[in-house]
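When you get a sec, could you build the whole thing from the sequences and use the hints?
Taken in sequence, the protein lines are chains A and B. So that you can map any letter, position 261 of the first sequence is 270 in the numbering used here, and since no number is skipped, the others follow by simple counting. So that you can map any letter, position 81 of the second sequence is 90 in the numbering used here, and since no number is skipped, the others follow by simple counting.
Bear in mind the hints are in silico, worked out from the structure with no lab data behind them. Careful, some of the hints might be misleading.
For chains that are exact copies, the list does not tell them apart, and a pair is met inside one copy or across any two.
To be verified - With a straight-line Cα cutoff of 27 Å, these simulated DSS-like cross-link-like pairs (lysine-lysine) come out: (1) K235 <-> K68; (2) K259 <-> K235; (3) K235 <-> K309; (4) K72 <-> K232; (5) K309 <-> K276.
There are 2 protein chains.
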Amino acid sequence: MSQSDHPRELVAQARRVRDLLRVSDGMMAKATRASGPIPVDPRSTPGLPGDVPGGAPAKAWSKDEVARLGVLLAAHQERLFATAAAGAGNQRVLLVLQALDCGGKDGTVRSIGGVMDPLGLHIRAFGAPSAVERSHHFLWRISRAMPPAGYVGVFNRSHYEDVLVARVRSLVPRKVWQRRYDEINCFEEAEAANGTMLIKVLLHISYEEQRDRLLSRLDDPTKRWKFDPGDLDDRARWHDYQVAYADVLKRCSKSHAPWYVVPADRKWYRNWAVANLLVAHFHEMGLTYPEVDLDVDSLKARLADGSAVAHPDNGGGRAKKNAK
Amino acid sequence: MSQSDHPRELVAQARRVRDLLRVSDGMMAKATRASGPIPVDPRSTPGLPGDVPGGAPAKAWSKDEVARLGVLLAAHQERLFATAAAGAGNQRVLLVLQALDCGGKDGTVRSIGGVMDPLGLHIRAFGAPSAVERSHHFLWRISRAMPPAGYVGVFNRSHYEDVLVARVRSLVPRKVWQRRYDEINCFEEAEAANGTMLIKVLLHISYEEQRDRLLSRLDDPTKRWKFDPGDLDDRARWHDYQVAYADVLKRCSKSHAPWYVVPADRKWYRNWAVANLLVAHFHEMGLTYPEVDLDVDSLKARLADGSAVAHPDNGGGRAKKNAK
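Dropping the structure here:
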């Protein structure tokens, strides 16, 4: 067992990654003309241990590490679920994933979701709103999709599209999207106060990496169905999206609902980093198994001498609490 | 690569398992006083290869086999999703899991869900209906929870509770639950005609195995929250539940929506068997990747000379199809 197998080591590492990726005024102030509005290098690997091999071995390393972090995550998940099931708490987790096309949202869900308990996941994807959804306030469909207490929600796109695509493509008047930042902050603050641990992640890819990934979708007949020619129109507005994302990061990263920028050109780093962010936040929640008030001895006695009651015509008993 | 790595071998095996576990009039006619109403031995392992080691190694063997079947399942899942995404088909899969308490529904979802693509899963659990749900027809909440086209739904309990607990505990008059079998058959036939591949599985455990599992929940403080004293009341009605399940199997197993009885005392066999049932049904669907009508050359050209458009003040382009 290597040193980093130890949960304490894993948690310390997760906190380092979290601190490095967390959006702050200081981070955003570093933006230059060369960096673009989001001053994070999409090919960088903040917090990565120094001894990770480069190239193909890095992928295998990352997969193993994510699996190890996943063991921690699944354990936290069970305590989260147990706490809610026992009526001992109202907590839930919500991971919000945002990215430009090909940014790796699906791949991230596959990586993280694959090592967590599928029963406790509440994954929701937000496409273009339906006619009914458009007739409501933009947060209407979001509220309905929030994870119940005890669950880990994952939003594949989110309410932030309403200040990203809606802004860049002028789908609503400026006055409307401008007030949405405050509306989002109020909504998230209320959710946090109600027990939701919010973790918001921008998977940040470079213009060049997006080109390569779009090309590979065109080249592979089994990937071509993912290619939407409309994505090229969004690609043509690359800079506008960077500006819109930078405003989201500046205006909507709060202590109760922080934003993280995860460099995402290297998929194996991206998966590892997001797993670490989840571990750090789960650890912060300090979940335990609920105390359950059961008369264990008398229940055991009932089980021990219960073999006879399996016979026909031997029913009875109180109404079950979850019976209709 | 061993022989059974070959997809054709895996599919042949999956079909054998399916044929062995499928409910038929012949199967149900074998019921005797000794077997009880469901003539399947909960400790048996139908279809298991002869060379599987017993004891603890069987668990490791099963985990590896489920992972290998999972590779096939994830590939089918992607084709299912791609077909729906491209508007080329309306198919979906629904795995219905029923069992008495401790029958292993959660563990089965964890096993199968863990090797499939979390993005394409649509897992829904049905507890006691809420006041609003009770005010509707019993299939109302079921319809709303059906997987969308392209998804694999998993029901952890289902509409069958309305002819199981509702019958055994007399939650509704006999006249009401009696007509529900036909209502379920009509509902499922319509769903099948609309592209839903239905796979219904009873995880069949023995009375003794349930006792052991309930005891282990009481013994382990991290499992105690799962213990519901009301489960003992259901346990006292064991025989009534067996009769009610047998009627479900006899009346609601149709070619478009078959029932399977999976012996579930051995968890490793249960997981392996359910993975095989899914593979057999997916294979029957014969899914392929959709043909996509794209002008690949001109799209590649747009991508190749598109580096300039990333600059500020260089927007334009048509409205994206999934824009608001």
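For each hint, the structure was consulted:
In this homomeric assembly, K235 and K68 come within 27 Å of each other (Cα to Cα) only inside a single copy, at 23 Å, whereas the closest approach across copies is 38 Å. Proximity of K259 to K235 under the C-alpha cut-off of 27 Å is found in neither arrangement, the shortest distances being 32 Å within a copy and 43 Å between copies. Taking the shortest alpha-carbon separations for K235 and K309, only the inter-copy value of 15 Å comes in at or below 27 Å, while the best intra-copy value is 55 Å. In this homomeric assembly, K72 and K232 come within 27 Å of each other (Cα to Cα) only inside a single copy, at 22 Å, whereas the closest approach across copies is 29 Å.
Taking CA atoms no more than 27 Å apart as the test, K309 paired with K276 passes between copies only; the shortest distance there is 23 Å, against 51 Å inside one copy.
Consistency note: the structure conflicts with earlier hint 2 alone.
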